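Enquirer: Quick note on numbering: the sequence shown equals residues 0 to 298 in numbering that gives the first Met the number 0.
Think of the hints as simulated: they come from the structure by calculation, not from any bench. Just so you know, these numbers come straight off a predicted model, no measurement behind them.
Pairwise CB distance ranges, derived in the manner of DEER restraints: (1) A114 to Q50: 11 to 21 Å; (2) R102 to N242: 32 to 42 Å; (3) D147 to A66: 35 to 45 Å; (4) K32 to G243: 17 to 27 Å; (5) G151 to R295: 30 to 40 Å; (6) K268 to N132: 25 to 35 Å; (7) P213 to R121: 21 to 31 Å; (8) G151 to A245: 40 to 50 Å; (9) N242 to R279: 30 to 40 Å.
Idealized CB from N, CA, C, for every residue including glycine.
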Amino acid sequence: MSSDATRLEEQQRLRIACEEYGFFYLIEHGIPKEQIAQAIDSSRRFFALPQATKERYGHASQDVHPATARGYIPLHGEMLHPDAGPDPKEMFDLGIEKEGDRRPFAGITRLPDDAVAPGFARSLLALQATVLNEVMPQLGGALADLLDMEEGWFRHHFSSPTVLQRVIRYPSTGGAAAKHTDSGFFTLLLQEELSTRSLQVWFHGRWTPVPSLPDSLVVNLGDMLQALSDDRFKSTPHQVAHNGPAERISLPFFIYPDIDARLTSRQGKHTFSVAEKMLRNFELVWEEGNGGGRARELQ
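Given only the sequences and the hints, what does the whole structure look like? Please build it.
Expert: So, in structure tokens, the structure goes:
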């Protein structure tokens with residue numbers, strides 16, 4: 000098969016995944032296995048620190064806007080669906096570290112140094128650099144091609160992307176993230192290869208477990224991409240229900256366009272400001288308690 004034919008076949012498979020499922024696996028993604036393992040190990044060590052130590056890096060210590068975009072969040076600190084109540088999970092959020100950038104979701108995260116949490120900041124930022132350089136441009140460009148936007152659309156709107164990077168620890172018994180959708184363009188999920196199928200997605204009227212396949216990433220589409228596709232692509236609801244012999248560490252990257260972008264779908268059905276949409280989602284989660292993404296629509 001020629002390279003052009005192979006590319007067309009891959010593009011068609013990606014289109015079907017976007018239109019039918021909104022979730023798919025990415026293999027040969029270019030992230031070294033050791034890099035993922037180091038980030039997971041150092042994250043596990045961070046979460047094992049005394050609670051008072053972790054809380055020194057909470058929202059109140061962060062100098063970004065909104066403050067809820069960065070730092071440590073304790074168990075039951077976030078609510079993704081109001082019917083479920085606060086989620087039994089703990090987290091740490093960071094982003095692209097850029098000194099002096101005072102725009103929403105930008106700036107510098109107050110991270111623990113090596114004396115407090117050896118390798119934590121270093122391994123997470125190294126992983127972020129690989130995702131930004133090796134994964135995001137290729138996958139984002141392929142998704143933008145499916146949108147049939149003008150030449151250079153992805154390069155223009157993602158030259159300075161907005162990234163919400165998160166580390167999540169789900170306790171071994173009863174760890175959970177309530178049903179929600181992600182609000183961005185797409186999400187990359189790196190996770191431990193555990194036998195428990197904790198992640199579940201909503202397909203054909205029922206919750207379907209998503210296995211953790213070796214050497215693969217899970218990709219799910221966000222609300223912004225669904226809007227930009229004029230609702231052809233699916234931003235699929237998902238949740239986590241973890242019950243297993245061990246805790247679960249997951250490392251999602253929520254990928255958004257440039258915070259200053261104002262975007263319109265190909266057919267003009269949807270127009271939105273990235274900053275306004277992101278800030279509104281944070282208000283719903285952190286101020287109003289109404290859940291993440293399209294959570295209010297999910298009964």
